[in-house]
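Q: Chain order of the listed sequences is A and B. If you count the first sequence from 1, you need to add 68 to reach our numbering. If you count the second sequence from 1, you need to add 1 to reach our numbering.
If you are wondering where the hints come from, they were derived from the structure by calculation, not from laboratory data. Hints should not be assumed to be uniformly reliable.
What follows is a list of derived Cβ distance ranges for each label pair [what the hints assert, rightly or not]:
id	chain 1	residue 1	chain 2	residue 2	range
1	B	441	A	441	35 to 45 Å
2	B	358	A	387	41 to 51 Å
3	A	191	B	83	56 to 66 Å
4	A	418	B	78	44 to 54 Å
5	B	441	A	453	17 to 27 Å
6	A	480	B	382	52 to 62 Å
Listed next, the in silico EDC-like pairs over lysine to aspartate or glutamate satisfying Cα-Cα at most 20 Å (straight line) [said to hold, decoys possible]:
id	chain 1	residue 1	chain 2	residue 2
7	A	112	B	474
8	A	401	B	400
9	B	426	A	400
10	A	463	A	358
11	B	353	A	419
12	A	396	B	419
13	A	437	B	400
14	A	106	B	71
15	A	405	B	430
16	A	405	B	71
17	B	426	A	98
18	A	396	B	421
19	B	426	A	372
20	B	66	B	81
21	A	117	B	71
22	A	437	B	429
23	A	316	A	195
24	A	437	B	81
25	A	437	B	421
26	A	401	B	429
27	B	356	A	419
28	B	368	A	430
29	A	106	A	73
30	B	347	A	114
31	A	405	B	400
32	A	112	B	69
33	B	426	A	430
34	A	187	A	174
35	A	322	A	289
36	A	111	B	68
37	A	112	B	179
38	B	66	B	49
39	B	426	A	376
40	A	111	B	71
Please read these numbers as outputs of a predicted model, since none were measured by experiment. The C-beta atom is built at its ideal place from N, Cα and C for all residues, glycine as well.
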Amino acid sequence: MELKDKLVSSFMAFENNVDVENPVHDIRTEAIKNFETKGFPTKKEEAWKYTSLNSLRKIDFSIFPKTENTIEYNDVKQYFLHEIDTYKIVFVDGIYSSYLSETTHDGVDICLMSSALTKDMYKPVIDVYFNKVASKEESLTTLNTAFSREGAYIYIPKNKMPKKPIEILHFATGNEASLMLQPRNLIIVEENAEVQIIERHQSLTSNNVLTNAVTEIFAADNAIVDIYKLQNDTAGASLIDNTYIDQKNKSVVKVHTFSFGGKLTRNNLNFYQNGEYIDSIMKGVTILGEKQHVDHHTLVHHIEPNCESHQDYKGIYGESSTGVFNGKIIVDKIAQKTNAFQQNNNILISDKATINTKPQLEIFADDVKCSHGCTIGQLDEDALFYLQSRGIPLKEARALLMYAFANNVLESVRIPELKSRINALIANKLGVSLGFDL
Amino acid sequence: MAYTEEELKKELETKEYEYGFYTDIESDTFPKGLNEDIVRAISKKKNEPQWMTDWRLDAFRVWEKMEEPEWANVNYEKPDFQAISYYSAPKAADPNKTLDDVDPDLLEMYRKLGISVDEQKKLQNVAVDIVVDSVSVATTFKKTLAEKGIIFMPISEAIQEHPELVKKYMGTVVPKTDNFYAALNSAVFTDGSFCYIPKGVKCPMELSTYFRINEGGTGQFERTLVIADESSYVSYLEGCTAPSRDENQLHAAVVELIALDDAEIKYSTVQNWFPGNAEGKGGVYNFVTKRGICEKNSKISWTQVETGSAVTWKYPSCILKGDNSIGEFYSIAVTNNYQQADTGTKMIHLGKNTKSTIISKGISAGKSQNSYRGLVQVGSRAENARNFSQCDSLLMGNECGAHTFPYIEAKNKSAMIEHEATTSKIGEDQIFYCNQRGIDTEKAIALIVNGFSKEVLNKLPMEFAVEAQKLLEISLEGSVG
Numbered sequence: 069m070e071l072k073d074k075l076v077s078s079f080m081a082f083e084n085n086v087d088v089e090n091p092v093h094d095i096r097t098e099a100i101k102n103f104e105t106k107g108f109p110t111k112k113e114e115a116w117k118y119t120s121l122n123s124l125r126k127i128d129f130s131i132f133p134k135t136e137n138t139i140e141y142n143d144v145k146q147y148f149l150h151e152i153d154t155y156k157i158v159f160v161d162g163i164y165s166s167y168l169s170e171t172t173h174d175g176v177d178i179c180l181m182s183s184a185l186t187k188d189m190y191k192p193v194i195d196v197y198f199n200k201v202a203s204k205e206e207s208l209t210t211l212n213t214a215f216s217r218e219g220a221y222i223y224i225p226k227n228k229m230p231k232k233p234i235e236i237l238h239f240a241t242g243n244e245a246s247l248m249l250q251p252r253n254l255i256i257v258e259e260n261a262e263v264q265i266i267e268r269h270q271s272l273t274s275n276n277v278l279t280n281a282v283t284e285i286f287a288a289d290n291a292i293v294d295i296y297k298l299q300n301d302t303a304g305a306s307l308i309d310n311t312y313i314d315q316k317n318k319s320v321v322k323v324h325t326f327s328f329g330g331k332l333t334r335n336n337l338n339f340y341q342n343g344e345y346i347d348s349i350m351k352g353v354t355i356l357g358e359k360q361h362v363d364h365h366t367l368v369h370h371i372e373p374n375c376e377s378h379q380d381y382k383g384i385y386g387e388s389s390t391g392v393f394n395g396k397i398i399v400d401k402i403a404q405k406t407n408a409f410q411q412n413n414n415i416l417i418s419d420k421a422t423i424n425t426k427p428q429l430e431i432f433a434d435d436v437k438c439s440h441g442c443t444i445g446q447l448d449e450d451a452l453f454y455l456q457s458r459g460i461p462l463k464e465a466r467a468l469l470m471y472a473f474a475n476n477v478l479e480s481v482r483i484p485e486l487k488s489r490i491n492a493l494i495a496n497k498l499g500v501s502l503g504f505d506l
Numbered sequence: 002m003a004y005t006e007e008e009l010k011k012e013l014e015t016k017e018y019e020y021g022f023y024t025d026i027e028s029d030t031f032p033k034g035l036n037e038d039i040v041r042a043i044s045k046k047k048n049e050p051q052w053m054t055d056w057r058l059d060a061f062r063v064w065e066k067m068e069e070p071e072w073a074n075v076n077y078e079k080p081d082f083q084a085i086s087y088y089s090a091p092k093a094a095d096p097n098k099t100l101d102d103v104d105p106d107l108l109e110m111y112r113k114l115g116i117s118v119d120e121q122k123k124l125q126n127v128a129v130d131i132v133v134d135s136v137s138v139a140t141t142f143k144k145t146l147a148e149k150g151i152i153f154m155p156i157s158e159a160i161q162e163h164p165e166l167v168k169k170y171m172g173t174v175v176p177k178t179d180n181f182y183a184a185l186n187s188a189v190f191t192d193g194s195f196c197y198i199p200k201g202v203k204c205p206m207e208l209s210t211y212f213r214i215n216e217g218g219t220g221q222f223e224r225t226l227v228i229a230d231e232s233s234y235v236s237y238l239e240g241c242t243a244p245s246r247d248e249n250q251l252h253a254a255v256v257e258l259i260a261l262d263d264a265e266i267k268y269s270t271v272q273n274w275f276p277g278n279a280e281g282k283g284g285v286y287n288f289v290t291k292r293g294i295c296e297k298n299s300k301i302s303w304t305q306v307e308t309g310s311a312v313t314w315k316y317p318s319c320i321l322k323g324d325n326s327i328g329e330f331y332s333i334a335v336t337n338n339y340q341q342a343d344t345g346t347k348m349i350h351l352g353k354n355t356k357s358t359i360i361s362k363g364i365s366a367g368k369s370q371n372s373y374r375g376l377v378q379v380g381s382r383a384e385n386a387r388n389f390s391q392c393d394s395l396l397m398g399n400e401c402g403a404h405t406f407p408y409i410e411a412k413n414k415s416a417m418i419e420h421e422a423t424t425s426k427i428g429e430d431q432i433f434y435c436n437q438r439g440i441d442t443e444k445a446i447a448l449i450v451n452g453f454s455k456e457v458l459n460k461l462p463m464e465f466a467v468e469a470q471k472l473l474e475i476s477l478e479g480s481v482g
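Chain A on its own, in the form it takes in the complex (with noise of 0.2 Å):
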């Protein structure tokens, strides 16, 4: 069976275990209907020119897990940022691990999807915030919100920050041969608040994968929001992260994209700047081998007037890999004085890689702003020949040329331990080990 009709098939069964009083049950339905009539999005659209979902739907995905998966916190604690302390939002196959997790109610709500979505406390925020930045005609969206049950719930009031910074992590524990997990996340941080948040998909077996995650973010005025996600998960892991960012007056909201790995990855990063004096920031860096592939698709809307966003993607593609950046601004009318800038820098290293990228602006402002650059090259043989000739190996002073290269995204990362962690994950992925952190 096709798995759209397998997904739309499973909803009746899906409503049977919730409770269809809810008034999110009508969101549901309506979702459902939505991608039923719209399926699979495929390449002739253009938002999916470049990749394909095919290969995806023709793989038999059970829907629901059917037992609890437990694994032991030493099995995956190198998945941990295990350095610091941190607050903990675990999930195993889709369900809830207690026994992993570290929540709290403690001035700021740092806890679960499910009970935000079925507990009255929660009905006013649910009611205000629910699939209210989510798209309501993006077909996988609308899938997601379908099937929304689980996932992280973090509210953050006026005026609060967390003492930590929140991990979020999802596990597949390849029980099930193929398995299609819908996580969905709300995120809220109030006037004044600031929140550090960590994502991650991590497969622990090569069996398949299918992560579909909508993520929403409401940042208040002045809020700061930082978002750090790590894909760097197994051959078999497919994730489609879309991630809906609502701003008001003065907020900051920075997304970091570290892709090194799994099967598929695409991000739909979309921002609306729905207030003035607002600074929307995208850095991601790309570095993919075997047959990965990775698409990054952004859109930042100018709807109001003294704003910024800034992009620098870099992307480093070896071996069968194919990288794919679409990134759109579109400023409008009122949005005057707008600076939108935007930067995609590629590297390709190996004859069968391939880089797509179109960047896209749409202008309807006269006072602004806006430029992208995008660049399509190789490393400075001279800049190598110099390394080597002062004793650095080839391998290494490649591998140092491709730091640099990657180097001004990664040091806006905030958290120190973080960021030694994707270095090592770089060093690792190019296979050096050069003794020093950048």
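Assemble chain B onto chain A, guided by the hints.
A: Same frame as chain A, now just chain B:
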């Protein structure tokens, strides 16, 4: 300052199309509508051989099954293809006549347009193959060209006189099934230019064709085929103005360039068709397919200045097939009032050591929308391909839009690709600086726009550069608020 900004705006809005007049020439026009019989009739009218008729019919049958493309960033009322007359020829047309025999009405029209055929002959050393409503009426300098072995004639004559060349090359760069408008053109094209430069010949003068649309309600379907044989060189000019008409006119041309080994083709266009009035009514639809193919060590250079048409949909492209071949694209697109332009280029790198340069300048004013859409593609065997693209947009007023859609696809690790784009407006301080020195706002703007466009204007042949500069001024006069 002599004008206030408001006054300037008003003046521009009320400025009627400079070349907006209509000359009444008795036309030999086909009934409206399109079917196989019409295609056959066009072919018969042109006295074409059977293979040409079959070729047209093939294209027509494919076209019938195609759908109009929707992807371009433009909005317009779709033309009704059954409400267009597909053939219209001025009665006086006869290619063998001397200038004296040409319909005086026509000559009067050229005089109004400021193009005197004989004056051009003498002063500008340009051979002009004038096309009025699809049939060539006067061809000059044919003899001089013939001495060099250069063939420059209407394509309808080329089909009769040089069928082997036409048969060999037509449709090889833009296949008749390429896209909706190319297929339509292949089925119903009535005339156009054919140019062949033999081996090793450097064409001694700029070849030029002035296209004009005259009869109301007739679409114009031009077909141009330029073949530069090994080691030859040609510079080709194409310029356009059209009478002001109230209903939308469709123009779907196809231009094919073939540069064989070591050849060079320079193709320049100045396009100033009726863009519609200040309310966005009327105006020409310009849906053009232009493409060139480069063999070894050859070079194709497209230069265009687009100031007219209500809707433009145009992507002059280069297929860099041969090793060491070079493709260039220089463009200025100016949109004002309700004009919409979706234009750009495609550079397809297939051969080794191929190079391409793209410089695109978009200027939007009034309520217009200006889009750059480009593709740079490097195939897996295109070692050391090099591309540089620059797309700059200038916005005037807060009701217009500038859009950029660059597609970059690299499949070879030795590729070097750079793309840059900026969007900005004319700085208040720049204008203030000029005002301070006694230059009024309007002149200051012309100065700044000229500076902005210089990189492209410099690439135009002399005769065109002057005209283009004038056009830019006319199109933008007082458009800054």
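Q: Now tell me, hint by hint, if it's right for this structure.
A: Results of checking the hints against the structure:
A beta carbon spacing of about 36 Å between residue 441 of chain B and residue 441 of chain A agrees with the range 35 to 45 Å that was offered as a hint. At about 31 Å, the beta-carbon gap between residue 358 of chain B and residue 387 of chain A misses the expected band of 41 to 51 Å. Under the hint 56 to 66 Å, the C-beta atoms of residue 191 of chain A and residue 83 of chain B, about 59 Å apart, fit the expected range. The given range of 44 to 54 Å is respected by residue 418 of chain A and residue 78 of chain B, whose C-beta atoms sit roughly 49 Å from each other.
Range check, residue 441 of chain B to residue 453 of chain A: Cβ separation about 57 Å, and the 17 to 27 Å hint is violated. Our hint of 52 to 62 Å for residue 480 of chain A and residue 382 of chain B is violated, since their Cβ atoms are close to 39 Å apart. For the hint linking residue 112 of chain A to residue 474 of chain B, the alpha-carbon distance of about 42 Å lies beyond 20 Å, and the restraint is violated. About 7 Å separates the Cα atoms of residue 401 of chain A and residue 400 of chain B, which keeps this hinted pair within 20 Å; it holds.
Pair hint residue 426 of chain B plus residue 400 of chain A holds up; C-alpha atoms about 15 Å apart against a cutoff of 20 Å. About 18 Å separates the Cα atoms of residue 463 of chain A and residue 358 of chain A, which keeps this hinted pair within 20 Å; it holds. Restraint check for residue 353 of chain B and residue 419 of chain A: the C-alpha separation of about 14 Å stays at or below 20 Å, so the hint holds. Straight-line distance between C-alpha atoms of residue 396 of chain A and residue 419 of chain B comes to about 18 Å, which keeps the hinted pair within the 20 Å bound.
For the given pair, residue 437 of chain A sits about 16 Å from residue 400 of chain B by alpha-carbon distance, which is consistent with the 20 Å threshold. Restraint check for residue 106 of chain A and residue 71 of chain B: satisfied, since their Cα atoms lie roughly 19 Å apart, inside the 20 Å limit. Distance hint between residue 405 of chain A and residue 430 of chain B is fulfilled; the C-alpha atoms sit about 16 Å from each other, no more than 20 Å. About 32 Å separates the Cα atoms of residue 405 of chain A and residue 71 of chain B, which puts this hinted pair outside 20 Å; it is violated.
At most 20 Å may separate the alpha-carbon atoms for a hinted pair to count; residue 426 of chain B and residue 98 of chain A exceed this at roughly 44 Å. Taking the CA atoms of residue 396 of chain A and residue 421 of chain B, the gap is near 15 Å; set against the 20 Å cutoff, the hint holds. Restraint check: the Cα-Cα separation between residue 426 of chain B and residue 372 of chain A comes to about 18 Å, which is no more than 20 Å; the hinted pair holds. At most 20 Å may separate the alpha-carbon atoms for a hinted pair to count; residue 66 of chain B and residue 81 of chain B meet this at roughly 16 Å.
Among the hinted pairs, residue 117 of chain A with residue 71 of chain B is consistent with the structure: their alpha-carbon atoms are about 16 Å apart, no more than 20 Å. Of the pairs offered as hints, the one joining residue 437 of chain A and residue 429 of chain B holds, with about 14 Å between alpha carbons and a cut-off of 20 Å not exceeded. Of the supplied pair hints, the one linking residue 316 of chain A and residue 195 of chain A holds, its CA atoms being roughly 19 Å apart against a limit of 20 Å. Distance check on the hinted pair: residue 437 of chain A and residue 81 of chain B sit about 41 Å apart at the alpha-carbon level, beyond 20 Å; violated.
For the hint pairing residue 437 of chain A with residue 421 of chain B, the CA-to-CA distance comes to about 14 Å; that is within 20 Å, so the pair holds. With a C-alpha separation of about 19 Å, the suggested pair residue 401 of chain A and residue 429 of chain B falls inside the 20 Å cut-off, and the hint holds. Annotation: proposed proximity of residue 356 of chain B to residue 419 of chain A holds, straight-line Cα distance about 19 Å (limit 20 Å). For the proposed pair residue 368 of chain B and residue 430 of chain A, the alpha carbon gap of about 15 Å is at most 20 Å, so the pair holds.
Pair hint residue 106 of chain A plus residue 73 of chain A holds up; C-alpha atoms about 12 Å apart against a cutoff of 20 Å. Only pairs whose Cα atoms come within 20 Å are accepted, and residue 347 of chain B paired with residue 114 of chain A is accepted, the gap being roughly 17 Å. Taking the CA atoms of residue 405 of chain A and residue 400 of chain B, the gap is about 15 Å. The hint holds against a cut of 20 Å. Between residue 112 of chain A and residue 69 of chain B, the direct Cα distance comes to roughly 16 Å. Compliance with the 20 Å bound is thereby established for this hinted pair.
Annotation: proposed proximity of residue 426 of chain B to residue 430 of chain A holds, straight-line Cα distance about 15 Å (limit 20 Å). The hinted pair formed by residue 187 of chain A and residue 174 of chain A meets the criterion: a straight-line CA distance of about 18 Å does not exceed 20 Å. For the hint pairing residue 322 of chain A with residue 289 of chain A, the CA-to-CA distance comes to about 15 Å; that is within 20 Å, so the pair holds. Using a Cα cut-off of 20 Å, the hinted pair residue 111 of chain A and residue 68 of chain B holds, with the two alpha carbons roughly 19 Å apart.
At most 20 Å may separate the alpha-carbon atoms for a hinted pair to count; residue 112 of chain A and residue 179 of chain B meet this at roughly 18 Å. Annotation: proposed proximity of residue 66 of chain B to residue 49 of chain B is violated, straight-line Cα distance about 25 Å (limit 20 Å). Under the criterion of a C-alpha separation no larger than 20 Å, the hint pairing residue 426 of chain B with residue 376 of chain A is consistent with the structure, at around 17 Å. Between residue 111 of chain A and residue 71 of chain B, the direct Cα distance comes to roughly 16 Å. Compliance with the 20 Å bound is thereby established for this hinted pair.
Comparing the model with each earlier hint shows violations of hints 2, 5, 6, 7, 16, 17, 24, 38; every other hint is respected.
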